[in-house]
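J.: Read off the chains here:
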Amino acid sequence: MPGFDTLTATWMVGDGPAPETRGVVLEQTRELDKFLAEIERRAFRMAQVSLRDPDDAMDVVQDAMLKLVRNYATRPSAEWRPLFYRILENGVRDLQRRRSVRKRFMTWLPGPKEDPDNEAQDPLDNVADAGPAVPEALMQAQAMQKLEASLRDLPARQREAFMLRNFEGLDVAETATAMGCSEGSVKTHYSRAVHTLREQLGEVW
Amino acid sequence: MSEETVDSRRLEERSRALFQESVERIDMPTRSRLTQARYAALRAAERTARTGWLRLPLLTSAGGVTAAAVLGAALWFGGAGSHHPPPVADSAAALEDLDLVASSDGGADNVEMLQDDLDFYAWADKTAGSEPSA
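If you're matching them up, the sequences are chains Y and H in order.
With the first letter of the first sequence counted as 1, position 56 gets the number 56 in our numbering; the numbers rise by one all the way through.
With the first letter of the second sequence counted as 1, position 51 gets the number 51 in our numbering; the numbers rise by one all the way through.
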């Protein structure tokens with residue numbers, strides 16, 4: 001697979017635009033690369049929290065990257081983050097909708113029921129209860145698992161607001177752009193999410 | 001600061017730290033797939049940009065050809081003081097004839113026959129034109 005330098009070097013050879021145009025495009029590509037590299041892991045984890053399945057999360061992130069680059073690369077870089085997350089959240093919702101339809105369809109069919117969320121096979125479910133000998137990393141993993149479970153129990157809009165504001169660090173206006181709603185709605189969703197999570201996790205933590 | 005606010009802050013900080021740790025624990029194959037996805041997106045951008053660059057010269061050349069054609073047609077058909085007005089009626093008729101010949105039954109044969117007899121018709125036309133009127 002070509003590295004970024006190889007990739008960008010192809011801009012500089014052969015027939016192409018004027019050198020000034022090439023320079024602008026090259027700079028834009030570098031900025032996009034930097035931006036995507038900076039957010040891709042968090043975006044993947046956020047998609048995974050919502051979808052559970054890592055392959056689905058990967059697909060949604062990849063699709064969001066492509067759509068951002070194809071449709072919004074020329075927009076000011078300050079707009080990329082909320083736009084990217086808007087695409088990502090739309091992708092997550094579309095996938096959840098498709099899953100829901102598939103699940104409904106599968107219930108009509110005879111035979112073993114599908115378990116698209118793979119709920120019965122989460123390896124962390126089989127981990128022994130935390131005792132004094134449990135390593136720190138495992139405790140962290142268990143705490144994160146509880147957080148993820150609680151996040152998944154939240155209504156989708158509350159979960160989106162919480163993850164975008166708290167995990168990704170978007171401000172209220174950026175979150176509103178990403179969620180396609182008003183700033184007031186973001187505040188309401190976020191406040192309700194925090195309240196619910198605190199009730200569910202407060203004592204555990 | 002109220003106890004509720006303190007609890008909320010603690011929840012936010014704790015959940016953020018846990019999330020960040022989980023991001024850092026992402027395994028290498030997944031990181032690699034993310035990098036590949038990023039490069040795929042950037043390559044798509046490259047292709048889009050190249051198409052954009054190609055489109056402009058193509059549009060320019062297409063526009064130039066169209067303009068030249070329009071100018072040429074204007075000079076040919078509508079040029080002021082032209083001494084040889086185009087035989088529009090004749091041309092139209094000839095086209096119509098050709099169309100009739102081609103569209104009738106055995107059109108291909110008719111066209112072939114027309115081509116074979118072209119010399120004859122040229123001679124007949126010349127002969128008729130040179131005969132003294134009675």
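In case anyone wonders, no lab produced these hints; they're calculated from the structure.
Heads up, a few of these hints could be off.
[Said to hold, decoys possible] As a list, the in silico EDC-like pairs of lysine to aspartate or glutamate whose alpha-carbon atoms are at most 16 angstroms apart:
1) Y/K146 - H/E12
2) Y/K67 - H/E13
3) Y/K146 - H/E21
4) Y/K67 - Y/E27
5) Y/K187 - H/E12
6) Y/K34 - Y/D56
J.: Evaluate each hint against the coordinates.
T.: Outcome of the hint check:
1. Y/K146 - H/E12: Roughly 14 angstroms between the alpha carbons, so the hint for Y/K146 and H/E12 holds.
2. Y/K67 - H/E13: With Cα atoms ~32 angstroms apart, Y/K67 and H/E13 exceed 16 angstroms; violated.
3. Y/K146 - H/E21: Distance of about 14 angstroms is within 16 angstroms: holds.
4. Y/K67 - Y/E27: violated, 19 angstroms
5. Y/K187 - H/E12: Judged against 16 angstroms, a Cα distance of about 15 angstroms means the pair holds.
6. Y/K34 - Y/D56: This hinted pair is violated, its Cα atoms lying about 24 angstroms apart.
Checked against the numbered hints above, the structure breaks hints 2, 4 and 6 and satisfies the rest.
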